[in-house]
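Starting from the given sequences, assemble the full structure and let the hints guide the process.
In the order they appear, the protein sequences are chains L and W.
Going by my numbering, the first residue of the first sequence is number 1, and it counts up by one from there.
Going by my numbering, the first residue of the second sequence is number 1001, and it counts up by one from there.
These are calculated hints, taken from the structure and not from any lab test.
Values in this document were obtained by computation on a predicted structure and should not be read as measured data.
Take these hints with a grain of salt, some might be off.
Below are the EDC-like pairs computed for lysine to aspartate or glutamate, each with C-alpha atoms no more than 20 angstroms apart in a straight line [to be verified]: (1) L:206 <-> W:1160; (2) L:209 <-> L:164; (3) W:1315 <-> W:1025; (4) W:1202 <-> L:164; (5) L:215 <-> L:185; (6) L:199 <-> W:1197; (7) L:209 <-> W:1160; (8) W:1199 <-> L:82.
Residues of chain W clear of chain L, computed beta-carbon distances all greater than 12 angstroms [unchecked claim]: (9) 1042; (10) 1125; (11) 1164; (12) 1219; (13) 1237; (14) 1334.
The beta-carbon is built from N, C-alpha and C at its ideal position, and this holds for glycine as well.
Number of protein chains: 2
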Amino acid sequence: MGKKKEVKKPETKKVLIALDAMGGDHAPEEIIKGGLMATDDPDIEIVFVGQEDVIKEQLEKCGYSGSGVSIAHASEVIEMGESPVMAIKGKRDSSIVVGIELIKNWEVAAFVSAGNTGAVVTEATLSLGRKKGVSRPALGAVFGFPAGPILCLDIGANADCKPDMLVQFAHMGSIYMEKVFGIPEPRIGLLSIGEEESKGCKTVQKAHKMLKKAKVNFIGNVEGRDLSRGIADVLVTDGFTGNVLLKMGEGLGEMLLHSLKEAVDGNPKLNEAIDVLSPIVHRVLSSLDYTEYGGALLLGVDGIVVVAHGRSNSKAIKNAITTAKREIEQGVADAMKG
Amino acid sequence: MGKKKEVKKPETKKVLIALDAMGGDHAPEEIIKGGLMATDDPDIEIVFVGQEDVIKEQLEKCGYSGSGVSIAHASEVIEMGESPVMAIKGKRDSSIVVGIELIKNWEVAAFVSAGNTGAVVTEATLSLGRKKGVSRPALGAVFGFPAGPILCLDIGANADCKPDMLVQFAHMGSIYMEKVFGIPEPRIGLLSIGEEESKGCKTVQKAHKMLKKAKVNFIGNVEGRDLSRGIADVLVTDGFTGNVLLKMGEGLGEMLLHSLKEAVDGNPKLNEAIDVLSPIVHRVLSSLDYTEYGGALLLGVDGIVVVAHGRSNSKAIKNAITTAKREIEQGVADAMKG
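Below is the structure:
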């Protein structure tokens, strides 16, 4: 995934990616920084979407005066806590609405936002439209476990899911992992509370039956403890369970690092030990952090939309932009058309 | 919780606890060992339930020939993978059915099993009956986070929950944490995917509204990442989500320990560091391991039933027996009568 210096560089294929400059807990500073970091890749051009004066001020603060970026003005800002439906109805000149409009008008190839997830999902669905056969788009996140990457979806777009939605998630996940990660016939696991078909809530039981007949490589139910064991390439679940899992992983990572830090602070002798082991602990914990892998993917809408974590720092934003670029290059959007 | 040697010991109040000798991945060896370990507490007398010849053989292997234990013969064994309803219908002379019968007939004060959870829950519910106001019993597990213990329920008895069931779980959890852990007005959190009342699946949204009016100390929605932060004493969720969470915690712990071990095996210089830090990592991970706190409690049935993890070793079995004893002493069963 690193940049390769080639002797004979092929003609540049610039991709334009719109970035929501106003969304996220650390907007606009970290967003702008992350956007600029992404332009280290000469193939990426960023369109910052948001209040022009705010963006210009930040660009100046970063000492930026070069090329490779542009600004699409949007006068309004949708706050993190706003009701998605009300927000996108009321604020048609917000960075989220304007950014998605840029995709629709073919002015950019993708939109990246760390803002109000519900608003991004709702506006993208309404404005870009759903792909054929998809009743509800899903948010997917890739976790980079040592045993291999796993795409988990839905991680929060649909708190209530019907069985057929889970089957659609399986199809979308399969295409994604094949296209973007080059995995042939990705193994699809259904998150449940036991291996047997009869285990799980009714929705999962029905989805299991449907998945057995679906044209995907369904390997059956998987449990929470299998997640990190590399037994599946795609983990299918509803957006409630998926989101709970995601946030629990974050919490556990924080707890562990906090405990280790506390132990070390009280005992200088441990400094050396922690210097050696903390990179290992960090590496494991970072596999729980989907922002390391580039944010959440909105799958099933007609366009490429990447939702970064609300708490994203500049590095997470840069990773999300890289994800968007990868999706563009691999033609994921077209492949999903069915 | 340790045993105290007192100068003047009060008259012994022996409690009889039935232990399913045939249930669990490591039955009967680890179960019998764990049962014998529990009898180090002179107040505990174990009734091993299961095939008499098998139990006797194991007791002999353990070099046991003393007092403090007895055997209740049950000729049949319910396997871990059997359908609960079919199993308890078909095997009326199984250790699970016989063990629960012992509670019903007041021959023991509690029953502990690491066997087929569904069979234990179903048989206990049908045979002992539910407490007043409880439509469905729940399995609860206590996690010993550094910030304080938290009772999580349901962790697997009810994969599908209605809002009023979640409210009942809140009531049962509140009584348990007050009675057994001495926490006044336990703080009840509802597991969701955002703090706002409008967040979460429909069931959770409805439960939130009902909990606001319920006679418990409801603190609102909590997220996965708050779990370890000590913000609630009771975490209410459905059995599907709860079980997924539980097993994910197990998997992450395993993954982390595995990665640390791998790093150390390849580098002898790290031995010293890991000697120092691994107890800390272990302590944190053990807080995810409810067997450390004594198995899962079946709340809402008219009797004390503790379900140990299928993978229980002797220590986990001993802990589960200790939990049962604590429940008996604190009069949890009576308190729940309402």
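Do the hints match the structure? See the list:
1. L:206 <-> W:1160: holds, 13 angstroms
2. L:209 <-> L:164: holds, 11 angstroms
3. W:1315 <-> W:1025: Cα-Cα ~14 angstroms, so holds.
4. W:1202 <-> L:164: holds, 18 angstroms
5. L:215 <-> L:185: Given that 20 angstroms is the threshold and the Cα spacing comes to 10 angstroms, the pair holds.
6. L:199 <-> W:1197: Given that 20 angstroms is the threshold and the Cα spacing comes to 30 angstroms, the pair is violated.
7. L:209 <-> W:1160: Status holds; Cα separation ~18 angstroms.
8. W:1199 <-> L:82: holds, 12 angstroms
9. 1042: Holds, since 36 angstroms exceeds 12 angstroms.
10. 1125: holds, 18 angstroms
11. 1164: Residue 1164 (chain W) is indeed farther than 12 angstroms from all Cβ atoms of chain L, at 17 angstroms.
12. 1219: Fine: 17 angstroms to the nearest Cβ keeps residue 1219 (chain W) off the interface.
13. 1237: violated, 8 angstroms
14. 1334: Nearest chain L Cβ is 32 angstroms from residue 1334 (chain W), so the label holds.
The structure fails hints 6 and 13 (numbered hints given earlier, in ascending order).
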